Structures are given as structure tokens and as C-alpha cells.
Amino acid sequence: MSLRNRTFSFLCRFMSCATLFLGCLSLRAEQVIPSEDWEDDYNPIASPDALVGGKVRIYAAQYPKSFNYYLDTTAYNATIYGMMFDTLMGIHPVDASFEPLIAESITVSDDKLSFLVKIDDRARWSDGKPITAQDVAFTYETIMKPENLTGPHKVGLQEFEAPEVVDDLTIRFTAKVAHWRNVLTIATLQILPKHFYEGKDFNKSNFEFPVVSGLYRFGTVKEGVSATIERRADWWLKDAKRFQGVGNFQTLEFRFYPEREMAYEAFKKGEFDIHAVYTSHIWVNNTEGEAFDKNWIVKQAITNHEPPSWQGFAMNTRRDLFSDRRVRLALAHLLNRERMNNELMFKQYTLSNSFSSDLWDEEHPNPNPLYEYNKEKARALLAEAGWKANPQTGKLEKDGKQFLIRFLTRSASSDKFLVVYKEDLADLGIDLEIVRKDWAAWMKDMDEFNYDMTWAAWGASLFKDPESMWYSKEADRPAGQNITGFKSEKVDALIEKQRSIYDIAERNDILREIDQLVYQEVPYILLWHIDYTRMLYWNKFGTPYTVLSKFENERSAWNYWWIDPDAKADLEQAMEEGKALAPLPYDISFDEEFDG
Amino acid sequence: MSDRAAYFLRRILLIFPTFIGITFLTYLLTQFVPGGPVEQAMMQMRGFDGSGVATRSESISEEQREAIRAHFGFDKPFLIRYYDWLVVNKMGMTVDSYKYSNKTVWQLISERFPVSLTFGIAGFVLTYLICIPLGIAKALRNGSAFDLASSVAVFTGYAIPAFAFGMLLKTVFSGTSEHFFDIFPIGGFRSEFFEEMSFWEKVKDQFMHMFLPVMCYVIGNFAVLTLLMKNSLLEQISQDYVRTVVAKGGSMKRAVWKHALRNALIPIATGFGGVLSIMFAGSVLIERVFNIPGMGLLSLEAIVGRDYMVFMGTLALTSIVALLGRVLSDFCYVLIDPRISFNKG
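As you go down the protein sequences, you meet chains A and B in turn.
According to UniProt numbering, the first sequence is numbered sequentially starting from 1.
According to UniProt numbering, the second sequence is numbered sequentially starting from 1.
Since the hints were made in silico from the structure, they are not lab data.
Please read these numbers as outputs of a predicted model, since none were measured by experiment.
Chain A stretches covered by chain B per the calculated footprint, using a threshold of three residues with CB under 8 Å from any CB of chain B:
{"hint": "1", "segment": "261-271"}
{"hint": "2", "segment": "285-291"}
Derived pair list, reagent style PhoX-like, types lysine-lysine, alpha-carbon separation capped at 20 Å:
{"hint": "3", "chain 1": "A", "residue 1": "K65", "chain 2": "B", "residue 2": "K103"}
{"hint": "4", "chain 1": "A", "residue 1": "K269", "chain 2": "A", "residue 2": "K568"}
{"hint": "5", "chain 1": "B", "residue 1": "K103", "chain 2": "A", "residue 2": "K222"}
C-beta: ideal position from N, C-alpha, C; glycine also.
With the hints as extra help, turn the sequences into a complete structure.
If you want it as C-alpha cells, here you go:
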């Protein structure tokens, strides 16, 4: 070999080694989800005793305008559609980490901007066709098409460029900005079959889903009355360990009632099997009678780790009236939540002292003080803020202006609480005027920041993103979620910091800091929350020891319960003979029952 | 052409401008009421459904906003939209409902109409069947214990709102409360498996589903119609011609049944035109209490959900029926009372 050739050969080997080395470096910087040591294992919540088969009848609120979750984002649709259309990745029921589903992995680049999705080559549609990268790209296109009414689903996906199909089983998403939320958006994308939807008007795909990817297929619909989904025997993942004991019912029949009260009557008459109660007076006063006394209907309060929704009186801090923290704090001290809970809500609720109470536990005790009802404290705070009573009228005034709060409400059911508040405010010389509008007019006023105070309720998510509600940049944008106009440099810095953190535990540390900082500023007068699910069900089911899963409410029953033939026979016999069944425990705590 | 024929022709022709006036104004109003389909779609997009689902909203692009507006036809000028609604889309009947997005307004209405019609006819017939004899009996026994007792019963029924009466009936007779009766279903128009039933089972099922709601329909109408009948008959009995019949040796019975009753029925008959509206509009509250998928519930859902096309569709049809009903009332009046003349002099 000549020197020239040897040199060339050396250079080639050097280049190859360097490339390999750099490649190794970049590989090490990449994050693969799930991690390489992940392996399929049994679901720790699912019962090994679960039997497949039978039918369960479930209450499912109003008849939806569509069963297509992309077009109608009701909570029930989320679950029903979710049982028919798998996401790219699943979420572990206990530690909330990602698990393979349609995709076997997502590789995140070191700059956290590129996401390479590798689809499992075994993944199949219900008609036997393979699920491919083209289906994933088509799903993106369908959601993002401006004419498609795919609602909130556009919001997460518009953080990405149009994805690039690498090969039949690989697709790359590229995000515009690095954020932990991006991987969640991709992982939880429910994939649509291109070969079925292509060329069709997606806005019309409401009641027919002949090609699905999940464990259940769409069954029959009786308009306005009921709809069913049926368990598939040919789901490609049916033998995976993690899906044993899950999705046990052969048929799920969803029964639609326009109002909860009406549904409850139907439940008691046996028109459906499982019902969660969301009204205190029903739970306390209206769960009696033969079926309850004889344990034909089981009544259980189940405490788990479902993120509780929260509510409060939002104050428009853009207005002078609420710009002073002392005034907001005083108003918090004037709200007699304890009385309301005792007298109006049968002591069923926990008074809130956090915007995310599920973030706090024994390991991280909640340091936020509970703003107790204290008129003297409120009086002192208001005086400190410059509000003085007019000796002639007794009304509080500052700079010649009277203290008047216009409370914008859209529900007559809030009146009984507001009347109590109004009385206490009046004692200190503050007027509360209730302005009631319907939801549309309420929404319009909210969008235009045209309110003093209002009652706002917010759902909570396992993956919490504080940006939309507490980021300063959101405060002045109309029609956003930072309705109080909250601004804080410290909170902004923390929001920016958590964006690039993928580890949920690490993010939660920051979220706890944010929670404390925001709570101190009192943008909302927090009200109360409930941290358990109130379940009623006809006594014919087998359930896991925890009854419900760790992070979900009554809807986890659809997935984890099964018809127990012995219990069913016992129930039928007991009802026929008018006999009582053995009682089941009333209080169930996930932490106590779970032996993971 | 007789004066009566000319009068009815005029009345019928007047229906058209009145109809245009009603629908034009209502269509105009719907443009100003907040919460229309575009706003609803935007709201859903922001994940702000009232319960507050935490999705972000900063990036709803102008293009998306415009696409939604165009999807619902809000990109066109108002007059063109009204023309489209009235003429091109045949009073909006061919347009898809916003809420039931797979159905046209006409499909929805034609599904719901027979339900309301069934309840309307049953309620109407029952009301007249009970109230007319009762009113006559009360007039003939004016001031008696029977008259007093029946007045108390009738006024009690009148005083109770129909929906409250419905709730009461449901509590007592539909097995939802302990210690009461479980006789009737809690609601709905028919059983779920109606189609699989035999003829007599169907009849029974329909009867069981209709009994309580029809009772509610009827109870509120009792007082007005019964007392109208009674007072009308009493007034006729006190007329000279009744005295003349009696004076000539005819019995009171003959005077009442042969002469007074016919005249007493005139004010009752004029209400016949209104029945068209009742049948078509349904009763919102009763349909809500008993979860009956009728026109009343459809209209209510359309108003609450800002489903303007359905709302306009039901409004258009009820307007036509109400306008025709008024002409029909006049026609009944003329038919019964030959003395009526439309000559201006």
C-alpha cells in the first residue's frame, strides 16, 4: 500500500472513529422514551382475578353532538374515544411514566426539539392493515386543517412543524420551542387511520368508527338514549402483560341523561350500574331505601391521587380595587367558608389552601396558611390599605370612592353562597352587587376583562402547566386563562425554568414553589375541593382492592372492574327474596389498599 | 267574492309579510347575542368550557378564526345570510344543526314533531273531553257543593306549575322514592325496546309513558277552559231567549241542551286555532321533567346551546302554524256563529 493510500486509509478510519465517537456522544445526549430497560409487566392495579365478558351500563351525561373526541372534547368522549383509538404511548397507571403503545419509542434530541417516533411493526388497525408513519402524519394534518373543528387539539400540535415521514415506521416531529409539554403532546396523540378518513369531511365523522386501533370497537347507537362499544378479540396488544385484567367488560353501554338528577333516579331504578355522585345533599340525604339498606347498591367513598379540580373567587387585579394585596387578603378573610361547608354542603368539602393540593403530601407538607374567617384581621388590613368607613353611611370609602364589588356570576346556584358573603362584607361597609349573566355573556365579559370578581372553577391535570394561568405575558392577552391578570417576576422565572425539565418529580418541586408564591398574592379567594370519589354501584362487580385506579375518578371502573358471576347471582337472589347482602367497606384509601 | 271570503283571503295574504317580519327581526337579533357557534368553537378551542380545562390559548391564528367563521357562514354580509336562510336553505331546513352536526334542521324537526304531536293531541282531546262536561255540570249546579268542590280542585291544579306537578307525579308514581308507587316509567317517549314489542305491548308501553306527562299537560288547562265553559253557559242561560223557551212551556233541560249550549260553545271553539301551536311547540318544562324528546325540548336546547339554525327553524314553523291558527280560529267562529259579519259598515 502506498503512503498516499495508507494516509487515505488512516484518514478514513479516523473519520469513521470520530463519527462513531461523536455519534456515541450524541446518542448519550439523546433521551429515549421509554428507557432501554423498560419491559412489559403486569399492571399493578389490575386484579389477576378479573374475568372477561358481560355488559356494564354506565351513565354518560348528555347525548354528545359527536363521539369523535377530536370534534367534541367532553370528558366522557375522552374516555370512550380513548378506548377505541390508541395513543402513540401509554401512561403507567402508578408512576405516570410513558409506556409503549402504537409507538415502541420516542427519541428526543439533546436540544429537546426533535422527536423521532418509532412505530411498533406489530401495530395493526382493526381491519388488519398496519399502522404506519403515514397515519401519524395524516393525524397531524387532519387536526391542523383550519376548516376542521378539532378544537383544543390544535393548540398543542401547533408548537410543531409539519412532521417528516422518515420511513413507513418512523416519523420525526420538530418543535418550534423546547418544552416538556411537547413530548406529552406527541405521546398522547390518538392516531387516525389514513386509509379510512382520507378524502372524507372529518367534521362529519361523528358517529361511525369502523376502523379503530384500540381494545374496543364502536357498537350500536340509539340516538339520545345509549351507545355501546364492544371488546375486540383481535387487538394486537391483547396478550401483553400490562393489559391483563384491564378492559374486562365485553360490552360497555353508555346511557345518556340530560341532567344528573334524572340520571340518579334512573340509576336507583336499575337502568344503569355505576354512578358517581357529585352533589353533597344527594350523597348525604338521598342514599337510603331498601336497595341501600340491603346493600344491593354499594356506597363507597374512594380516596386516591386524582388531581382535584379547584375553584375560587377570581379577582380582577387589573382594577384599582383589587390591585392592593392587603385588600385581596382582607376579602379572603371575610369569606366564611367553614359556615358554607357546614351549613350548605354537609361538611363534605376540604377548604383549599393550594391551587394544586395534590402536589403536597407527607413528604412535602403544605406550608400555605389557611386564610381563616376573621373580620378583625380583615378590618385591620383594609384600614392599612387606606379604606375608611364614612361616619354618615357606614360604608367603606377611599379617595371619595365607595367600596363596591360587582360579582359577575352565571349560575343561580351560587346565590346561596354569595348571600352569606354579601352579609359579611356589608358588616364592614362593603357592598356586593350580584350581576348574573348567562354563560355566553359571562364569557364575553371575562374575555374583555369586564368584571370585578367572579366564581371560576378549573380542572386539574396530572401534568401541570402553570404557564397559561400565572405567566405575566398571559395577563394582558384577552380571552386567555390568566383571568386575574396575575404578574410576578419570580413566578415568571420559575415558569421559564420548568419548561425544559422532563422529570415530573423535579418539575413538581418548582410547581410547589409557584403554588406558594401565587397563594401569597391571593389572586383568587380559594374555596374548597373534594379529594375523594363518591361511588354508588349495583353489587355485582369484582373490583381491584383499590376499587379505582391511582389518578382517575369513576371512569377507571370501566377499565378495571368486571362482572363477578357469583356476586351477580347473589344480588339477583337477594332482590328476589328481599334479603340483605353482606356490606362492603365504605371508606377506601388507595394508599392503604395498594400493595404494588 | 263575499265579504267573508275577502276577509279570509286578506288574512291569509297578511301571513307572508308578518312571517318575514318575525323571522327577519329574530335572525337579526341572533347576530347580536353572544355565544354563537363561532364563539363556541373558539371557546372549545381554548379549552374553556366553563368547568375550565387547562389548555392553552395564545395561538389561535387569524386563519383558524376565519376558517371557523366561514364554516358557519359568518363571513357573508347579513342580508345575504338571511336570504340564504330563507330561500336557498328553505328556512334553514337544509342546513346542518350546530349541535347535532350530522343532521339537518328538518331531520331534527321531523323526528321530534310526531312526539309533540302525540302528546299535544292527547292532552288537547282529554282537556276538552273533561272540561266541557265539567263546565256544563258546574253551570247547571251553580253554587252547589259539587260546584264548590270542583272549583277548589280545578284552581289547585291551575295554581301548581305543570313542571312541579310533573315532579310530584314522578316522585309518587314512578318508583324513584321509597314508600311510594312504582307504576310508571320515569320518563322518555317509549321504552328502549319498543320496536321489538307486540302490538298490545306497544299500546301499553305508549300509554304508560304518556300517562303522567299528559296529566301535566291537562291539569294547567283545566281551570281556564272549565270556567270559560261554565261562565259562558251561565251567561246564555240568563239570556231572554232561554226564558222565552221556558215561558213557552219548554223544559229548562231542552232550553239548555238545544239552544244555550250551542251559543255557549262559541268562545270555546275560538280556542281551536291555538291548538295547532300547542301541538307544534310542545311543552318545554314537561318535556324536560319527563325527558321527552319533543319540540319543546329541542327549542330549549337550541336556545341554550345557541343552535341558531334549529332555533330559527322551529321559530319559523311555529310562527307559520300560529298565524294559520289565528285564521282557523276566526274560521271556526264564523262557522259556529252565522251572525258574524266582516262588513265595515
